[in-house]
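Chains as they are written, first to last, in my numbering: chain A, 1 to 328; chain B, 329 to 656.
Simulated from the structure, these hints should not be mistaken for lab results.
Treat the hints with care, as some may be off.
As the list claims (entries may be wrong) - Here are the computed lysine-lysine pairs in the BS3-like style, where the Cα-Cα straight-line distance is at most 27 Å:
1) 202(A) - 384(B)
2) 470(B) - 351(B)
3) 56(A) - 530(B)
4) 624(B) - 437(B)
5) 470(B) - 530(B)
6) 202(A) - 165(A)
The lines below spell out each chain.
Number of protein chains: 2
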Amino acid sequence: MARAWHLMSRPEGLPTSDNFALKDIDLTAVGDGQLRVRNLWLSVDPYMRGRMNDVKSYVPPFQLGQPMDGGAVGEVVESQADGFAPGDLVQHMAGWRDEAVIDARTANKLPNLGAPPEQFLGVLGVTGMTAYFGLLDAASAKPGDVVFVSAAAGAVGSVVVQIAKAKGMTVVGSAGGADKCDYVRALGADHVIDYKAGSVLKGLAGAAPDGIDVYFDNVGGDHLDAAFALARQNARFAICGMIDSYNDATPASFRFIMRIIAMRIRLQGFIVFDYFPRMTEFYGEMGPWLASGAVKSRETVVDGLDNTLDAFLGLFTGANTGKMLIRL
Amino acid sequence: MARAWHLMSRPEGLPTSDNFALKDIDLTAVGDGQLRVRNLWLSVDPYMRGRMNDVKSYVPPFQLGQPMDGGAVGEVVESQADGFAPGDLVQHMAGWRDEAVIDARTANKLPNLGAPPEQFLGVLGVTGMTAYFGLLDAASAKPGDVVFVSAAAGAVGSVVVQIAKAKGMTVVGSAGGADKCDYVRALGADHVIDYKAGSVLKGLAGAAPDGIDVYFDNVGGDHLDAAFALARQNARFAICGMIDSYNDATPASFRFIMRIIAMRIRLQGFIVFDYFPRMTEFYGEMGPWLASGAVKSRETVVDGLDNTLDAFLGLFTGANTGKMLIRL
Chain A
1 MARAWHLMSR
11 PEGLPTSDNF
21 ALKDIDLTAV
31 GDGQLRVRNL
41 WLSVDPYMRG
51 RMNDVKSYVP
61 PFQLGQPMDG
71 GAVGEVVESQ
81 ADGFAPGDLV
91 QHMAGWRDEA
101 VIDARTANKL
111 PNLGAPPEQF
121 LGVLGVTGMT
131 AYFGLLDAAS
141 AKPGDVVFVS
151 AAAGAVGSVV
161 VQIAKAKGMT
171 VVGSAGGADK
181 CDYVRALGAD
191 HVIDYKAGSV
201 LKGLAGAAPD
211 GIDVYFDNVG
221 GDHLDAAFAL
231 ARQNARFAIC
241 GMIDSYNDAT
251 PASFRFIMRI
261 IAMRIRLQGF
271 IVFDYFPRMT
281 EFYGEMGPWL
291 ASGAVKSRET
301 VVDGLDNTLD
311 AFLGLFTGAN
321 TGKMLIRL
Chain B
329 MARAWHLMSR
339 PEGLPTSDNF
349 ALKDIDLTAV
359 GDGQLRVRNL
369 WLSVDPYMRG
379 RMNDVKSYVP
389 PFQLGQPMDG
399 GAVGEVVESQ
409 ADGFAPGDLV
419 QHMAGWRDEA
429 VIDARTANKL
439 PNLGAPPEQF
449 LGVLGVTGMT
459 AYFGLLDAAS
469 AKPGDVVFVS
479 AAAGAVGSVV
489 VQIAKAKGMT
499 VVGSAGGADK
509 CDYVRALGAD
519 HVIDYKAGSV
529 LKGLAGAAPD
539 GIDVYFDNVG
549 GDHLDAAFAL
559 ARQNARFAIC
569 GMIDSYNDAT
579 PASFRFIMRI
589 IAMRIRLQGF
599 IVFDYFPRMT
609 EFYGEMGPWL
619 ASGAVKSRET
629 VVDGLDNTLD
639 AFLGLFTGAN
649 TGKMLIRL
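Using the sequences plus the hints, can you model the full thing?
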């Protein structure tokens, strides 16, 4: 019997365990063009919080009383689709559960890059692509730029730091607490700000007294405002996430937003899905970086389907360093 | 004896007459390469408020106890510079005064476009260039786009509306009060929002139920937030001004800023000075538009140097329709 996490009610603010239930599900028989997959790894990501609201966005909302979904890596155990055989490892979107019957066209066989499979949910997956295209395309970051990254110990941020260093940029990373700051420093960041130890604005002004060229925004709020305050002329901001606001209906407020004009700042929101057609370009750089050690993968691993919800909730309290994954 | 408006103290919030004084000034003798100019028209512009603060920006702050400056059109009355003769009309930056001795290299002889000289402080000057390059370059507006313009009855906004219509766009303009809204409608706007009569957000949602592609921001605040709320995918915002915040230290707050991500919104701050090298391109389109009547110039004219300060202060209470000018 398969089991899946269901959304039972829509959270107000920070979700609680009352909003969810882990329940048995019936699997349909494997039809033509379909696969049965036993999941090995599940991904939980901050963007999933948005799907718990009943609003139209770039991904549809989760339906009440239904299983949730998300990134997963699994092993094919039964195939009625050409090109897939039992034993194949696939990346797909039927996460939040231990087993699924899926259309083969929604599954990607993992390419052979010599990397462990769970990395296709992280540094070689959507997480890594978000970092790569956000930094290099949305923010047009160039060698020599001073780059500020928030949530620099997080899944995306930690990859941004490493790509920026691999490309010859100066990096200021922000993270919460001494352990995470040590980790960001170990990733190669030139300066690290502990946002739990004091004002982000003061920290950034100290770390980058001549200002920043690029800001990779994962959090919004005070971090974004500090970036406005320290932006140099023609600075570019990639707006990837605003986790500060995901559970909070309070309007975000900014003291320094007016500097957009004087400093000719560009803000560019982006969604990684738009870059999927350029996946080959991404593998072409990320594969060698992983092989050479220029980029290292880091995961926070939680064991067991039962603990998936806690792993998700932990994203909002900073429980993860690097990518948060569930091992089944 | 020449007279000039001096900044005597730095305003907190909205400036008052106590911050300024109209005083006699001594003019130096006209040296080599210099001109003496009798001003005919003075420009007052919202950006000047920023120069009254002692902060580094794209133009240096006004100095306490010294004459202020700004755009002006005058007649050469004495020349020690090649290429300039008494009677020539020039555009220059020694405004806020009736007469000045200036370096000829800071003066531009008015080109012969068949337009009245004061238009070189408006639709054919910095104001028109701001509208033109902000809309077409910073916001990359294209025929067919739905364009939202705030302060659409103002100097820049009224030109944006007309250029957008000349280029085949659908235009929603926002202005304060029935008279200004009538003016914006007369300029050709497809929909007009009276922001004094109700919520900007509701007005925009009614005028553009399918959303907007471009926002030309002159005001910030609620208008910018409404644009976030209604932005379609790949919307582009040109951030030209935030007059809502110029006199106000309260942080700007936004409920819908997070839509930057889902809608892949681009915000681009810009300063018209950066486009001065492309002035010929601008004259090439604006000249014919004025000649054909596709773009009409509109000014609010105040008479007399003594009334210059009131004209400036009127910018912040909506006293102008179109460009605010002082005739000497």
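Status of each hint after checking the structure:
no.	hint	in the structure
1	202(A) - 384(B)	holds, 18 Å
2	470(B) - 351(B)	violated, 49 Å
3	56(A) - 530(B)	holds, 19 Å
4	624(B) - 437(B)	holds, 23 Å
5	470(B) - 530(B)	holds, 25 Å
6	202(A) - 165(A)	holds, 23 Å
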